[in-house]
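From first to last, the protein sequence lines are chains D and W.
If you want the numbering used here, it's the position in the first sequence, counting the first as 1, plus 26.
If you want the numbering used here, it's the position in the second sequence, counting the first as 1, plus 26.
Fair warning: there could be bad hints in the mix.
Said to hold, decoys possible - Computed footprint of chain W on chain D, listed as stretches where at least three residues anywhere in the stretch have a Cβ under 8 Å from a Cβ of chain W:
{"#": "1", "stretch": "154 to 164"}
{"#": "2", "stretch": "246 to 258"}
Stated by the list, open to error - Heads up, incomplete: computed chain W residues facing chain D, CB under 10 Å, no partners named:
{"#": "3", "residue": "A168"}
{"#": "4", "residue": "T172"}
{"#": "5", "residue": "G211"}
{"#": "6", "residue": "L213"}
{"#": "7", "residue": "L250"}
{"#": "8", "residue": "E272"}
No wet-lab data here; the hints were simulated from the structure.
All C-beta atoms, glycine included, are put in the ideal place defined by N, C-alpha and C.
There are 2 protein chains.
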Amino acid sequence: MRQAGRYLPEYRAIRERHTMLDVCGTPDLAAHVTLQPVQRFGLDAAILFSDLLLPFVPLGLDLEYVAGEGPVVGHPVRSPADVDRLPPVDVAEAMASTAATVRMVTGALGSIPLIGFVGAPFTMASYAVEGRSSRTHARVKAFMYTEPQAWHALLGRLATIAADLAALQVGAGVHVVQVFDSWVGHLTALEYRRFVEPHSRVVFDRLHALGVPSIHFGVGTGHLLPHLVRAGGDVIGVDWRTPLDEVATTLPGVALQGNLDPALLLAPRPVLEDSVRDVLRRGTAAIGHIFNLGHGVLPETPPDQVQATVDIVQAWSSDA
Amino acid sequence: MRQAGRYLPEYRAIRERHTMLDVCGTPDLAAHVTLQPVQRFGLDAAILFSDLLLPFVPLGLDLEYVAGEGPVVGHPVRSPADVDRLPPVDVAEAMASTAATVRMVTGALGSIPLIGFVGAPFTMASYAVEGRSSRTHARVKAFMYTEPQAWHALLGRLATIAADLAALQVGAGVHVVQVFDSWVGHLTALEYRRFVEPHSRVVFDRLHALGVPSIHFGVGTGHLLPHLVRAGGDVIGVDWRTPLDEVATTLPGVALQGNLDPALLLAPRPVLEDSVRDVLRRGTAAIGHIFNLGHGVLPETPPDQVQATVDIVQAWSSDA
Chain D
27 MRQAGRYLPE
37 YRAIRERHTM
47 LDVCGTPDLA
57 AHVTLQPVQR
67 FGLDAAILFS
77 DLLLPFVPLG
87 LDLEYVAGEG
97 PVVGHPVRSP
107 ADVDRLPPVD
117 VAEAMASTAA
127 TVRMVTGALG
137 SIPLIGFVGA
147 PFTMASYAVE
157 GRSSRTHARV
167 KAFMYTEPQA
177 WHALLGRLAT
187 IAADLAALQV
197 GAGVHVVQVF
207 DSWVGHLTAL
217 EYRRFVEPHS
227 RVVFDRLHAL
237 GVPSIHFGVG
247 TGHLLPHLVR
257 AGGDVIGVDW
267 RTPLDEVATT
277 LPGVALQGNL
287 DPALLLAPRP
297 VLEDSVRDVL
307 RRGTAAIGHI
317 FNLGHGVLPE
327 TPPDQVQATV
337 DIVQAWSSDA
Chain W
27 MRQAGRYLPE
37 YRAIRERHTM
47 LDVCGTPDLA
57 AHVTLQPVQR
67 FGLDAAILFS
77 DLLLPFVPLG
87 LDLEYVAGEG
97 PVVGHPVRSP
107 ADVDRLPPVD
117 VAEAMASTAA
127 TVRMVTGALG
137 SIPLIGFVGA
147 PFTMASYAVE
157 GRSSRTHARV
167 KAFMYTEPQA
177 WHALLGRLAT
187 IAADLAALQV
197 GAGVHVVQVF
207 DSWVGHLTAL
217 EYRRFVEPHS
227 RVVFDRLHAL
237 GVPSIHFGVG
247 TGHLLPHLVR
257 AGGDVIGVDW
267 RTPLDEVATT
277 LPGVALQGNL
287 DPALLLAPRP
297 VLEDSVRDVL
307 RRGTAAIGHI
317 FNLGHGVLPE
327 TPPDQVQATV
337 DIVQAWSSDA
């Protein structure tokens, strides 16, 4: 998950003076914010501070981050003509600042690994079509059913961009790439297989060819996990809804990431401690387990609860 | 699901002149709106037009419906003292207009059955604590973990109110009651069992004692279905994420309701037709199946797509 965020006072101090797009697009700022939680908490890995919609800028979709609402797309993709109109994007050129950020961060991190960050084709397409975050994803589903050819053209474009961006981050030095398909849990398995899986696979195949491990993450994907595995990823991210030992039983041989409910960082310390240890214990049922939250850190989280979580996980790891 | 809604021009015409609370609280209006979709589409059953938060009015929580946002609670429940302060509620007196609506509707419907409508304790509590619809449900989860005694007191109050309201509707003539636990899919199975299940059971036990069948509905509950069954309900509502034949395999002997994705009513007619028949075919794997959408009708749905859906289902039923 993104580690830096509004729950950190030092992050809020940066965001008071700079927009989201400024932070992501300025290597000094993005590197600084990437390092904030690593320095504060002594984490075992860093994740690139980024946003999955950054490619919308060179795509001319007029991306903006509106306070209290999140990303808003000024020129959403609503028709086959809108898809045809998308300009070619040279990712290495358009996203050069991301590569520069990766080089700065890896230099500062020394032996601590850096996780890269790209959006999966479906979740990018959902924002592109809906124009903002959606509860129902009705418009994007209507688009895929009504204009299947334009849909596949759109996903094809976004898959190439995601794969190019992942490769750019790998070339600049990231050690792992996490692919965020945050909203894919709204689809049925049939929809996923027909409209999404071939395009997600393009991203994972590229990472596989580069010899770099990948993490495949979504929320509310309990019903899709076997399909996510098939699309690719060396590690599958699981949200908090399904215990890791249950997932390990149905998906033997798959390494897992997760899956503490972020809301538990708002619970009293003994409840938090028991819950973290429960996740660690259940994670031993998988062939590999990366401890993480099941979704992003909530803005109202007290930083000392994050520190307590990190301490418990590191004590467990050194005992193991 | 609620059948009337913004997708119907005759419903919008009513809502232009009356607030949500006015419609729900005025038997003439509530009955009129309940009957609108039955008259237009020739449905096999009607569902009472209501809202799961209506009991917040006698509870003094200052409920309001804000255009474009939904329900907003002016006095949310944030502390044990807030729970203690909740006034006693005589449901039969406070919700007398609901009983009057049921009597008017059943009189008009003749042999068409009427489904009653109550909110489940967790979903009511989520709104009461969060103050509005929430993406993360962080505040309500923090409350249950931090103040477990006050939580159980709150859920106990809401369960009694829901059971009383269900009984009131049964006394006035509804034939079935659907219990909406719309947001419960955000919880883990452990949280559900510890913090919710005993309270939901109070509602279903009351309906069972009254000899009236009940439907237990939630969204994103694939990981909770066995627990929902244990809490009660003669029929379990399933959202669109899991095919009904898969649910029937893991929950043999349970009647199911669902589960067409509401977004499919925005798809081209042949796709809609295939999808409706697919749901009907898969539903035959269960010991009983009530065709329905997996969640509410989307506001952008063309009414003729609802008519097409009804026609396919009725043709299938008369063939069967």
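Taking the hints in turn, this is what the structure says about them:
1. 154 to 164: With 3 residues closer than 8 Å to chain W, the stretch 154 to 164 of chain D meets the three-residue bar; holds.
2. 246 to 258: Per the Cβ count (3), the hint holds.
3. A168: holds, 4 Å
4. T172: With a closest approach of 6 Å, the T172/W hint holds.
5. G211: Result: holds, 8 Å to nearest chain D Cβ.
6. L213: Holds: closest Cβ of chain D sits about 8 Å from L213/W, inside 10 Å.
7. L250: holds, 8 Å
8. E272: The hint holds - E272/W has a Cβ within 10 Å of chain D, the shortest such distance being about 8 Å.
Violated hints are absent here; each numbered hint is respected by the structure.
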